[in-house]
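Given these sequences and hints, build the entire structure.
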Amino acid sequence: MRRLCLLVAASVAALGQAAHQLDLDSFEKVWTTVRDKHWQVRPGGLDWQAIHDEYRPRLEKASSHDEARAVMQEMIGRLKQSHFAIIPAPVYSVLDEDGEGPGVTGIDARVLDGQAVVTAVDPGSAAEKQGVLPGWQIERASGREMKPIIDQALSNPAIHELQLTRAVLARLSGSIGGTVDVAFLDGSGKAVVLRLDLAPPRGALSAFGNLPAQHVWFEDKRIGSTSYVRFNLFLDLPHVMASFQKTVQNCKPCDGLIIDLRGNPGGIGGMAMGMAGFLVDKPNQRLGTMFLRDSTLNFVVNPRAEVLSAPVAVLVDGCSASTSEIFAGGLKDLGRARIFGTRTAAAALPSAFERLPNGDGFQYALANYISEGGQPLEGLGVTPDVTVELTRAALLTGHDPVIEAALDWIRRQAKP
Amino acid sequence: MNRRVLILLLMSSAAGFAADPLPSAESILDRYVQVTGGRQAYEKRKTEIAHGTLEYTSLGIKGTITRYAAEPDKYYATLDIEGLGKVEMGVNGPVAWENSALLGPRVKTGVERAEAIREGNMNSTVNWRKLYPKVENAGIESIDGEDCYKVVMTPTEGQPMVGYYQKKSGLQVKMTTVASTQMGDIPVELIASDYKSFGGILEPAKVTQKSGPQEFTITLESVEVNPAIPPERFALPAEVRKVADKAEGK
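Going down the list, the protein sequences come from chains R and X. The first sequence maps to residues 69 to 484 in our numbering. The second sequence maps to residues 1005 to 1254 in our numbering.
Please keep in mind that the hints were generated in silico from the structure rather than gathered at the bench. None of the values given here were measured: they were computed from a predicted structure. Accuracy of the hints is not assured; some may be wrong.
[What the hints assert, rightly or not] Simulated crosslink set (DMTMM-like; lysine to aspartate or glutamate; CA at most 25 Å straight-line):
#1 X:K1214 - R:D104
#2 X:K1214 - R:D362
#3 X:K1254 - R:D349
#4 X:K1246 - R:E374
#5 X:K1254 - R:E374
Set out below in structure tokens:
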């Protein structure tokens, strides 16, 4: 028995040593990544080698994984820059979990007041056919409760709405042709359980280089005398740009234009500049500036031959990221658009997430972007001129308070 | 090969193998003209249409490129890039322009215009004296194990270009500069390789360009020599004309 105990003790010690080595490897990965990929040669103005020499001995003395993580978090905290974070493995696992496949139910959702809520249902989708309505609360999908996932993510300040929304939507996806069982609370608070068919996402499949092909859709319509446009990604450039140009041309005459970027996570950064050219008539304007390690890129605007002069409202939320933020933030700073909704994702840059050897996640930003008004978008996002929250109650009564606020403002701009 | 050329070659060779002093920048640039076909071959070329491909390897984006050029200063290129659509650019005398599906039409100004006009000079290789009033040999650097002369060419307007010419072959294998673009000044490095004869002139069939975080390779596939190119090919497109007129208040 004594021999067995010794064997077990030795194994535990070996496991502990292996885990400690994984923490050390993770530390080196974090430190090296910042050294090699940060947009400043001296990251955060610091002597990064000295930072290594200061923190490495502390990490070597760390007696637990939590302690090691705290040391790494403190080290990158010295940068005093957003989008550098160590995300604990359990939280990272929840967020990193992909859907089972590309099939979707046609439901768009957001976390409102700590609950997953249907915000839109695609026309013709399985969800619409089975009567799912905006405002319904999603309790469970594929046998997994939503609330614990949401609570776990909300407990970590490094997790943003965009990531959380993706995690929620991943639970509503699966193989095309398959089904997913979803438990809802409808508008009257009654439990509804539906088996929803999974179909290809809305839109046309568009490929761009090594990026996975994605479905891109573009819609425009008239709401009274106001033009309204919405598209899910800044991709499929030839189609989306031509459609946007057509929308602008058709907005003559119109009271104004609403560009709805809620849920739009971005895409090709240059498209923000190209689209702004249809809205900004003054030459030599820019949306902002991106700072990379060896160059500085101005996001310039080339006014088109024909430019829309009517008021422009841009709608955003916590899932509006990257190119959406560059576009909205730049137009706001140029005084060309009024922004409605909630603060954007604060992810204007290609900030990357990587799994560390010890299982934790590591987030880091690759560049800095300063909007024309002088504010960095990374970490701060675009703050709307008019903050309007989407609520479950409004959705259940068929209202979109964000669109309504924009329409109201546009009507008030109309010349008598 | 005439006597003058022979003397030039002898001078170049002698310069190439001498330990000291360094050959003049002028002789290195003239030698490049010579080893790539000679002044006469360049001067015989009045028009050309070059066809090639473009690839952003790390991004997995490919495209095609066609470049039309005519003596002395006309240039039109069209790029068709997967996922980004068409990009056109051109130079016609003092006017340099660009039109892309991404950013729309525009007329280039300032240093960017000056750089485009230099690129639009069809025989810029032989016309270096007109384009770069100051050239100097800045020494020898090894590139891929080969000694190269580092020649700094300074234009009247814009940043200097630094060409690296192999001591042994006289061929340019690398060029660096800081390009003036609408988005800002961007460090550029070009690596030229796989020299082949296209209609009697040696040209690098492969050029890899590193600009900031981007890297792409242009592969030259064929060159039509002295084809008939209608003058309209180089005319300002209607969309560009519209924005140019608007900018001029017309």
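Right, here's what the structure says about each hint:
1. With a CA separation close to 18 Å, the supplied pair K1214 of chain X and D104 of chain R stays within the 25 Å bound.
2. Simply put, K1214 of chain X and D362 of chain R have alpha-carbon atoms about 12 Å apart, close enough for the 25 Å limit, and the pair holds.
3. A threshold of 25 Å between alpha carbons decides the hint, and for K1254 of chain X with D349 of chain R the separation of about 15 Å falls inside it, so the pair holds.
4. For the hint pairing K1246 of chain X with E374 of chain R, the CA-to-CA distance comes to about 9 Å; that is within 25 Å, so the pair holds.
5. Distance hint between K1254 of chain X and E374 of chain R is fulfilled; the C-alpha atoms sit about 14 Å from each other, no more than 25 Å.
The structure shown violates none of the earlier numbered hints.
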